[in-house]
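Every letter in the sequence shown is one number past the one before it in the working numbering, and letter 169, counting from 1, is 175.
It is worth saying that the hints were derived from the structure and are not from the lab.
Keep in mind that the hints are not guaranteed to be accurate.
[As the list claims (entries may be wrong)] Restraint ranges, calculated between C-beta atoms of paired labels, are given here:
1. Glu13 - Pro236: 52 to 58 Å
2. Glu13 - Glu233: 50 to 56 Å
3. Trp11 - Ser234: 42 to 48 Å
Idealized CB from N, CA, C, for every residue including glycine.
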Amino acid sequence: GERPWLECSTWGIAPGATYQELRLMGLAFGGLGLGELLLPPTQLVQLLLVTVTRDENTLVFSSHPLGTTPHVTRSITSALRVEGDGRLDVEFCVIDAGLGRGHQALRAAEAHVHLDRCTVFGVSNVRVLHASESYFDGEVVVEDRFTGCVRYCRVPTGSILPQQHRTVFDVPARFVSASRHDPGHARMTGTTDRQLLQGAEDGGEIGAFHDVALNKVYRAVATRLSESTPAGLSMGLLRAD
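With the hints as extra help, turn the sequences into a complete structure.
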């Protein structure tokens with residue numbers, strides 16, 4: 007009934023080993039001083055509800071002869087790197103290489119990267135990028151600007167992007183916490199600019215907490231309170247962020 011937490015002292019893979027499929031579900035893992043965590047060459051990699059516990063542990067998806075296709079869903083990772091060609095799909099995740107530090111968060115020199123409702127702390131360098139309703143803390147550099155699209159996202163000025171739609175530049179976000187061990191990690195506070203809190207295609211929050219819909223709930227409660235508050239009295243909401 008508890009989520010497994012693996013603190014690794016060493017990390018390695020069998021020489022020459024390749025796999026068709028690898029699934030990691032509900033795990034938290036990492037290791038002090040290990041640096042990169044290299045996953046074995048695998049065609050299909052699935053990470054669901056996974057936490058990489060240390061900023062220093064870059065998760066590396068090894069190149070497979072037939073290409074690799076990692077799927078990362080509802081997870082908190084450190085930096086991600088894809089070797090060789092293939093496709094990286096990341097949904098509802100926090101990719102955390104350190105907020106405001108300028109560290110490499112996402113690297114895919116050959117693979118296509120698809121991000122949907124993610125929060126990225128760090129610099130991103132990719133060949134092809136499809137990003138929707140995501141928050142990028144660091145600079146984004148895309149090699150192929152004629153393929154892909156960045157839509158309803160927040161990115162820094164100076165980024166090299168493909169086609170853009172409803173992109174917000176340099177609007178700062180305020181986060182409850184920058185620590186992955188805090189329950190409020192990467193969650194925007196209520197004082198964050200409305201361009202981010204309501205910047206998604208459906209008017210929701212940009213980033214990994216879009217589906218939680220906290221700000222929609224707060225707005226709905228405030229509307230109901232204002233409608234039912236007796237004349238002569240005032241109302242308000244206090245958030246305990």
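Hint-by-hint comparison with the structure:
no., hint, result
1, Glu13 - Pro236: 52 to 58 Å, "holds, 56 Å"
2, Glu13 - Glu233: 50 to 56 Å, "holds, 52 Å"
3, Trp11 - Ser234: 42 to 48 Å, "holds, 46 Å"
The earlier numbered hints are all upheld by this structure, with none contradicted.
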